[in-house]
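Chemist: Dock chain B against the given chain A, drawing on the hints supplied.
There are 2 protein chains.
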Amino acid sequence: MTSITEIAKNARHAGRRLATLDAATKNAALTRIGEDLRIHASEIFSANSRDLARAEENHLAPPLKKRLVVNEDKLAEIIRGVEALRALPEPVGRVLEARELDTGLELYRKSAPIGVIGVVFESRPDALVQISTLCLKSGNAVILKGGSEAAETNRALAQIIGTASLAAGLPDGWISLLETREDVGLMLREDAYIDLIVPRGSNEFVRHVMDSTRIPVLGHADGVCHVYVDADADMTRALDIVDDSKTQYVAVCNAAETILVHCTVAEDFLPALAERFAGRVKILGCPETKRILPAVDAASDDDWRAEYLDYIVAVRVVDDVVAAVDHINTYGSGHTDTIVTTDTARAQWFMTAVDSASVFHNCSTRFADGYRYGLGAELGIATGKIHARGPVGLDGLLSYKWHMYGAGHIVSDYTGAAGRAFTHRALDAREQ
Amino acid sequence: MTSITEIAKNARHAGRRLATLDAATKNAALTRIGEDLRIHASEIFSANSRDLARAEENHLAPPLKKRLVVNEDKLAEIIRGVEALRALPEPVGRVLEARELDTGLELYRKSAPIGVIGVVFESRPDALVQISTLCLKSGNAVILKGGSEAAETNRALAQIIGTASLAAGLPDGWISLLETREDVGLMLREDAYIDLIVPRGSNEFVRHVMDSTRIPVLGHADGVCHVYVDADADMTRALDIVDDSKTQYVAVCNAAETILVHCTVAEDFLPALAERFAGRVKILGCPETKRILPAVDAASDDDWRAEYLDYIVAVRVVDDVVAAVDHINTYGSGHTDTIVTTDTARAQWFMTAVDSASVFHNCSTRFADGYRYGLGAELGIATGKIHARGPVGLDGLLSYKWHMYGAGHIVSDYTGAAGRAFTHRALDAREQ
Chain A
1 MTSITEIAKN ARHAGRRLAT LDAATKNAAL TRIGEDLRIH ASEIFSANSR DLARAEENHL
61 APPLKKRLVV NEDKLAEIIR GVEALRALPE PVGRVLEARE LDTGLELYRK SAPIGVIGVV
121 FESRPDALVQ ISTLCLKSGN AVILKGGSEA AETNRALAQI IGTASLAAGL PDGWISLLET
181 REDVGLMLRE DAYIDLIVPR GSNEFVRHVM DSTRIPVLGH ADGVCHVYVD ADADMTRALD
241 IVDDSKTQYV AVCNAAETIL VHCTVAEDFL PALAERFAGR VKILGCPETK RILPAVDAAS
301 DDDWRAEYLD YIVAVRVVDD VVAAVDHINT YGSGHTDTIV TTDTARAQWF MTAVDSASVF
361 HNCSTRFADG YRYGLGAELG IATGKIHARG PVGLDGLLSY KWHMYGAGHI VSDYTGAAGR
421 AFTHRALDAR EQ
Chain B
1001 MTSITEIAKN ARHAGRRLAT LDAATKNAAL TRIGEDLRIH ASEIFSANSR DLARAEENHL
1061 APPLKKRLVV NEDKLAEIIR GVEALRALPE PVGRVLEARE LDTGLELYRK SAPIGVIGVV
1121 FESRPDALVQ ISTLCLKSGN AVILKGGSEA AETNRALAQI IGTASLAAGL PDGWISLLET
1181 REDVGLMLRE DAYIDLIVPR GSNEFVRHVM DSTRIPVLGH ADGVCHVYVD ADADMTRALD
1241 IVDDSKTQYV AVCNAAETIL VHCTVAEDFL PALAERFAGR VKILGCPETK RILPAVDAAS
1301 DDDWRAEYLD YIVAVRVVDD VVAAVDHINT YGSGHTDTIV TTDTARAQWF MTAVDSASVF
1361 HNCSTRFADG YRYGLGAELG IATGKIHARG PVGLDGLLSY KWHMYGAGHI VSDYTGAAGR
1421 AFTHRALDAR EQ
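Just so you know, the protein sequences line up as chains A and B, in that order.
So in this note's numbering, the last one in the first sequence is 432, and the numbering has no gaps at all.
So in this note's numbering, the last one in the second sequence is 1432, and the numbering has no gaps at all.
No lab work stands behind these hints: they were computed from the structure.
This one's a predicted model, so the numbers in the text were calculated from it and none came from an experiment.
Check before you lean on any hint, since a few could be wrong.
[As the list claims (entries may be wrong)] Straight-line C-alpha distance at most 20 Å; calculated EDC-like pairs for lysine to aspartate or glutamate: (1) B:K1282 / B:D1302; (2) A:K9 / B:D1326; (3) B:K1009 / A:D326; (4) A:K65 / A:E77; (5) B:K1282 / B:E1307; (6) B:K1009 / B:D1172.
[To be verified] Derived CB-CB ranges, DEER-like: (7) B:A1076 / A:A418: 20 to 30 Å; (8) B:D1211 / A:T180: 44 to 54 Å; (9) B:E1006 / A:D310: 47 to 57 Å; (10) A:E267 / B:A1407: 17 to 27 Å; (11) B:A1323 / A:A418: 34 to 44 Å.
Note that the Cβ used here is the ideal one computed from N, Cα and C, for glycine as well.
So that you can see chain A by itself, here it is in the shape it has in the complex (with noise of 0.2 Å):
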């Protein structure tokens, strides 16, 4: 049995070599991969089949059961997926910034891989696939953990990634799959080798995991998200985005959980909006939305904090866009505000002041989303506000280095009275 430290120190060492690897041998790498999944057809649904029948024992809800399933159709789309993430532009290497400091001495600001990577996530198995391929193209070694429920898949997935990888010339150890609670434990103990965590899954594990490691974490707690309908709003489309933001897929962290209303439309759209929420939304109230609304709850400021990801909505009128963003940025979370206004310099002002992630101008809070936002596999979402934020694609798991191209420059000929002055010229952005 390997220890979690050999499996971190050998990603370390393989993740070294990966950064090494020129665009074609990834590609080939990826290639493999998509062809050894299709050939291994029977293996994964086989394992996944297990999983099932597990999950069926163990009286597993249906809508989880249906995210463990990897069928013909889920295997082709986790396929197609591979192939076009092959098809992207080599993320490695690109010129950044480019400057001449002094004839003959040239700096280039070119995109690295981070190194190794520690991803934990949920039960579906394509997420294995997905986040190994993009850490591949990325040049970046990973260390996986998925859902129990989907042992079986996942070690078979794991399994001919790895094989199929190493036939290609890629280095053995770039992928590793945890299988215990324990593991992933110790994995946030290596900081000596592990370079970023991404922890996909329930608020309070993303918060665990937080707490619990000195690496990196790019992730997000909670899902606040909010709806402020304007004094200016056309008031069929605020409807429309309100119930949009709120009950297109309620279980997400993009999903709005308060609406706030400016005072003067509150009359006539809270009205409109109870009907539209009928049997459908419980709605609870700030004091001015019960004035307007007697029949709903009232809201507490525990309310105005809660990621309900129910059928449940705040709602909160509030006296000017002011008034709003005060309240966005004191109870929300930082990840996705919308406003519905015709007023564009108040929605310019709004989304400048508004300190989150994604901050929209007439349109739903569902769209804060890696695959909407055209960012291809999305490895995660992530609201703080150092490296990447909002919607991570494979930029989040790319960092830089400087390059320097002298011919014996030394720094003493640019120090004193007398000393060569840099020219600081900008250079075409061209790789030397």
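Modeler: Quick look at chain B alone, frame taken from chain A:
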């Protein structure tokens, strides 16, 4: 007396207002700050003379005392720095990415301030002006703690900057000055209000900060930099680069600590190096180095990890560039490493394989510096791989937000078999 929590909370509020200010307002504040530093020059000089008198009493070492001095020349340089910063293009709101998701639904990734930055810096009082104006320009609130040797000068400078910026319409509380080490400890707990800590100072101090806060830390603990002299190195050039990297300024993080020499040139290079360093730099060597230079002391495993910051250098003979990279990735600190060679393919491989913030070809490690890189003022140097890496200027003080503009777009129109498809068409990166 305001508590540290109050200071941090006020900074959070001020930062959010600062984030909404336009370039003209921020630049007017920078103009006013420059003017007021000139107007209040005598207050600054008199505060500085009190610091210098105390330094005299406390028998501060002459180089430290020299760094404390703010005289006419130094003040002019400080004011020129503020003017140069004001002249830089507005860093906030730059469009980093732009994409149409569908007709009328447009996504813009725009640079945004991080929020509240806590900076602990060394005794140079000019650092206070540099750091606080960098924060102002980038729309961030800042909490500063300077070296206690410069307490009076720092207080005068912070007072002038605060008053000038308030008069120019900036929010109260965007700049605060802490005065005790205890306050720094309290600041590190304010993760609810502070987004980033930048510690500048001794390695022990930086490591202490990294270990004692949940706030992300931008900085570096060690600077163990290497020069690798390849088989195909020009020997004269190699000697000059090694000498400059080691001795141009020994007390800084980008000075070289270990020299790696390819075995086929060691017989030629090492005696020349010993002659160059004779009486100036003490050499510690690996067994092969000792065979060629019997007079040198043996280097231990600890020496490969040592940041001497002194006229001492560790020398190791290696079999090839792979062994050189292995050594650097094993013992280095990920700061700056350089290869001296005429073989550009090998240089390219070295630069890709070395996992450091700055990787150089044929130039001195001493170039790794924000000013020399042309970044304008330097906030610090980071050796982490998340967010900013290497010398960090204004960019390290920026995050981004996703701005989306719709016309009532809702997600339910894009789901199911008959759902609309996204166009995901690249837009001109011009702001809407």
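Chemist: Look at each hint and say if it fits the structure.
Modeler: Against the structure, the hints:
no. : hint                         : result
1   : B:K1282 / B:D1302            : 16 Å, holds
2   : A:K9 / B:D1326               : 14 Å, holds
3   : B:K1009 / A:D326             : 14 Å, holds
4   : A:K65 / A:E77                : 18 Å, holds
5   : B:K1282 / B:E1307            : 14 Å, holds
6   : B:K1009 / B:D1172            : 12 Å, holds
7   : B:A1076 / A:A418: 20 to 30 Å : 21 Å, holds
8   : B:D1211 / A:T180: 44 to 54 Å : 28 Å, violated
9   : B:E1006 / A:D310: 47 to 57 Å : 37 Å, violated
10  : A:E267 / B:A1407: 17 to 27 Å : 26 Å, holds
11  : B:A1323 / A:A418: 34 to 44 Å : 40 Å, holds
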